[in-house]
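Visitor: Sequence:
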Amino acid sequence: MVEAQEILKLPWLNESELYKCVHCGFCLQACPTYLTTGLETESPRGRIALMKAVNEGRLEISDQVMRHWDLCIQCRACEDVCPSGVPYGNLIESTMDQIRDHRKIGFIPRLAYEISLRHLIPNQRNLAIVVSMMNLYVKSGLQKVVRKTKILKLISKRFERLEKMTPAVNGKFFRAEGQLYTADVEGTETIQMLSGCVMPLTQGNQMRAAVRTLNKANKDVEVPLNQGCCGAINSHVGDLGKAKELARANIEAFSKGSGTEPIIVNSAGCGARMREYGHLLSDDPDYASKAVDFSKRVVDINEYLDQAKLQPGETSIPKTVTYQDSCHLANVQKVKDAPRNLIKSIDGIDFCELKGSNICCGAGGTYMITEPEMSEAVLAEKIRNLVDSGADIIATANPGCFMQLDNGIKAAGINVEVKYVTDLLDETYTKSK
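Residue numbers (this note's numbering): 10 to 442.
Hints should not be assumed to be uniformly reliable.
Listed below are the simulated DSS-like cross-link pairs for lysine-lysine, each with C-alpha atoms no more than 27 Å apart in a straight line [unchecked claim]: (1) Lys-265 - Lys-299; (2) Lys-166 - Lys-181; (3) Lys-318 - Lys-343; (4) Lys-61 - Lys-29; (5) Lys-345 - Lys-318; (6) Lys-364 - Lys-159; (7) Lys-428 - Lys-343; (8) Lys-305 - Lys-328; (9) Lys-173 - Lys-343; (10) Lys-159 - Lys-148; (11) Lys-251 - Lys-328; (12) Lys-113 - Lys-253; (13) Lys-253 - Lys-61; (14) Lys-265 - Lys-253; (15) Lys-328 - Lys-299; (16) Lys-173 - Lys-253; (17) Lys-364 - Lys-343; (18) Lys-173 - Lys-419; (19) Lys-343 - Lys-29; (20) Lys-364 - Lys-353.
Pair by pair, the computed Cβ-Cβ distance ranges are [unchecked claim]: (21) Ser-71 - Thr-199: 23 to 31 Å; (22) Glu-24 - Arg-109: 38 to 46 Å; (23) Val-139 - Lys-29: 38 to 46 Å; (24) Lys-148 - Glu-69: 15 to 23 Å; (25) Val-31 - Asn-179: 45 to 53 Å; (26) Glu-186 - Asp-302: 33 to 41 Å; (27) Gly-357 - Asp-302: 41 to 49 Å; (28) Glu-26 - Thr-46: 20 to 28 Å; (29) Pro-294 - Leu-151: 34 to 42 Å; (30) Pro-118 - Glu-24: 43 to 51 Å; (31) Lys-153 - Asn-132: 39 to 47 Å.
Everything labelled a hint here was simulated from the structure, so no lab data went into it. Glycine included, every Cβ here is placed at the ideal spot set by N, Cα and C.
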C-alpha cells in the first residue's frame, strides 16, 4: 500500500476540493472518453474515485490505475456542467505531476520526452529547424513516396499514424521579435499578442490574419520579444516544474510595456493556461502576485473582437459554416457566444450548429500523438456529426483542434474546410480590396 495523502498536495489544492465530488453523474454525458467507452473508470467521477482511493491509502499506484488517468483528454467539460464546482483540471494536473516518479518508463521514451517537451517545443530556434525539415519532407515529394509505398506501416502502425499527423506549413514563420503592427488609422490602444510555440511556425498565415483583423478593430498590435510556449502541454503531461519556468518567462516578456495592455491570445489552450498562471505560481513568493495580475490581462481574440464590436468587411462569404467549441475556450475561459457572434456577423454565411459541438474532438494537445486510438475514436463521432451538418466550413479557435479536424476530414475524404474565426473575418477585408 502507499502512504495515505501521498498524492494531490499542491498549494492551491486541498482535500476539501478533492472531496467536493458527490458522484452525481452530471459529468458523464460531457466526457468524451466515457461517451466513447461507457466505462465508469474513464469518466471524471471514476478518475476522482481513484484519486481518493490512492489519497486515502486504499489503492496502490499501479500501471492500471495510471492508465485511467492517462486516458483523460483534460478537456475539462466536466467542470462546465459540475453543480459542485469540482476543480477537475487542478486535480488531474496535480495527479499527473505527482505520479511521474511512479512510472516505469524506458530510457528511449524518457529521452524522447526530455528532448521534445523540454528542449524542442519551448525553444523556437530548435522547433523551427524541425518544422523546416518537415516542410522539406512534404514539398520534396518524399511524403508522397512514403505514403504510396506504405513503408511505415510495415515498420509500425504507430509510425504510420504519426506520419499522417505531419502538419502543413502555412506561410512564412511568424516570429516574435518585438514588432509593432499599426492599425490603418490611429489605434485606440496598443495591445500585446501571444505568438506561442507551434502555431507561429506551422500557421504563420493564420497568425498574420489574426493581426490584420485586430488592426481592423483599430488596435496596434505588439508582439513582445522573448515570449514563448505557455506551458500548457507540460502541464497536461505532469511536468508542472517546466510549466512554471515557462510561465515566469512569459510574465517577464509581457511586462516590458506599461504592464497593463491586454494580452490577446488566438490559441484557446494557451489562453486557458495563461489565465491560470495565478494558480500555477501561487507558491512562488517572487511571482505569485505578478502571475495574478498577468492572468487578468489575458483575453481570447474572439472574445476581444466581439466586445470591440468589430465590423466585418464588405466581401460576402456565401458558405454554410459550423463551429466546433475549443474545449479550453468554452470550458475553462467560458467563451461560447463570441465566436458564434463573429461568424454570424459575416455577410452571406449560413450558420448551423454542430451536433455535439461542446464535446471534445480528441486533440488534447499531445494526446492525439500519445493516445491515438482513443483520440481517433472520439474524432470519428465528430466527423459523423460534421457530415450530417452539411457545412462547407468548420471554424474553430485552437491549433490542436484545427489539426485534429483537418486530419479527420482528409481521412474521411469529405469536402470541408477548417478555418479559424479570424480567417473568415480577414477574408471579408482582403477580398474586398
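Visitor: Now tell me if each hint is right for this structure.
Guide: Taking the hints in turn, this is what the structure says about them:
A distance of roughly 13 Å separates the Cα atoms of Lys-265 and Lys-299; the hinted pair therefore holds under the 27 Å criterion. Distance check on the hinted pair: Lys-166 and Lys-181 sit about 32 Å apart at the alpha-carbon level, beyond 27 Å; violated. For the hint pairing Lys-318 with Lys-343, the CA-to-CA distance comes to about 19 Å; that is within 27 Å, so the pair holds. Under the criterion of a C-alpha separation no larger than 27 Å, the hint pairing Lys-61 with Lys-29 is consistent with the structure, at around 11 Å.
With a C-alpha separation of about 16 Å, the suggested pairing of Lys-345 with Lys-318 holds against the 27 Å cut-off. Pair hint Lys-364 plus Lys-159 does not hold up; C-alpha atoms about 35 Å apart against a cutoff of 27 Å. Under the criterion of a C-alpha separation no larger than 27 Å, the hint pairing Lys-428 with Lys-343 is consistent with the structure, at around 21 Å. A distance of roughly 36 Å separates the Cα atoms of Lys-305 and Lys-328; the hinted pair therefore is violated under the 27 Å criterion.
Proximity of Lys-173 to Lys-343 is assessed by CA-CA distance (about 32 Å); at most 27 Å being required, the pair is judged violated. With a C-alpha separation of about 18 Å, the suggested pairing of Lys-159 with Lys-148 holds against the 27 Å cut-off. About 43 Å separates the Cα atoms of Lys-251 and Lys-328, which puts this hinted pair outside 27 Å; it is violated. Under the criterion of a C-alpha separation no larger than 27 Å, the hint pairing Lys-113 with Lys-253 is consistent with the structure, at around 25 Å.
The suggested pairing of Lys-253 with Lys-61 holds, with an alpha-carbon distance near 26 Å, which does not exceed 27 Å. Under the criterion of a C-alpha separation no larger than 27 Å, the hint pairing Lys-265 with Lys-253 is consistent with the structure, at around 20 Å. Restraint check for Lys-328 and Lys-299: the C-alpha separation of about 45 Å exceeds 27 Å, so the hint is violated. A threshold of 27 Å between alpha carbons decides the hint, and for Lys-173 with Lys-253 the separation of about 32 Å lies outside it, so the pair is violated.
Only pairs whose Cα atoms come within 27 Å are accepted, and Lys-364 paired with Lys-343 is accepted, the gap being roughly 19 Å. Restraint check for Lys-173 and Lys-419: satisfied, since their Cα atoms lie roughly 10 Å apart, inside the 27 Å limit. A threshold of 27 Å between alpha carbons decides the hint, and for Lys-343 with Lys-29 the separation of about 21 Å falls inside it, so the pair holds. This hinted pair checks out: Lys-364 and Lys-353 have alpha carbons roughly 18 Å apart, not beyond 27 Å.
Distance hint check for Ser-71 and Thr-199: the Cβ-Cβ separation is about 53 Å, which falls outside the suggested range of 23 to 31 Å. The hint said 38 to 46 Å for the Cβ distance between Glu-24 and Arg-109, and at roughly 21 Å that hint is violated. In this structure the supplied range 38 to 46 Å holds for Val-139 paired with Lys-29, their Cβ-Cβ distance being about 42 Å. A C-beta distance of roughly 51 Å is found between Lys-148 and Glu-69, which places it outside the suggested range of 15 to 23 Å.
For the pair Val-31 and Asn-179, the supplied restraint of 45 to 53 Å holds, since their beta-carbon distance comes to about 46 Å. For Glu-186 paired with Asp-302, a C-beta distance near 25 Å fails the hint of 33 to 41 Å. Taken as a hint, the range 41 to 49 Å holds for the pair Gly-357 and Asp-302, whose Cβ atoms sit roughly 42 Å apart. The supplied range of 20 to 28 Å is met by Glu-26 and Thr-46, whose beta-carbon atoms lie about 26 Å from each other.
Our hint of 34 to 42 Å for Pro-294 and Leu-151 is violated, since their Cβ atoms are close to 52 Å apart. For the pair Pro-118 and Glu-24, the supplied restraint of 43 to 51 Å is violated, since their beta-carbon distance comes to about 33 Å. In this structure the hint that Lys-153 and Asn-132 lie 39 to 47 Å apart at CB is violated, the actual value being about 30 Å.
The structure does not agree with the numbered hints 2, 6, 8, 9, 11, 15, 16, 21, 22, 24, 26, 29, 30 and 31 stated previously, though it agrees with the rest.
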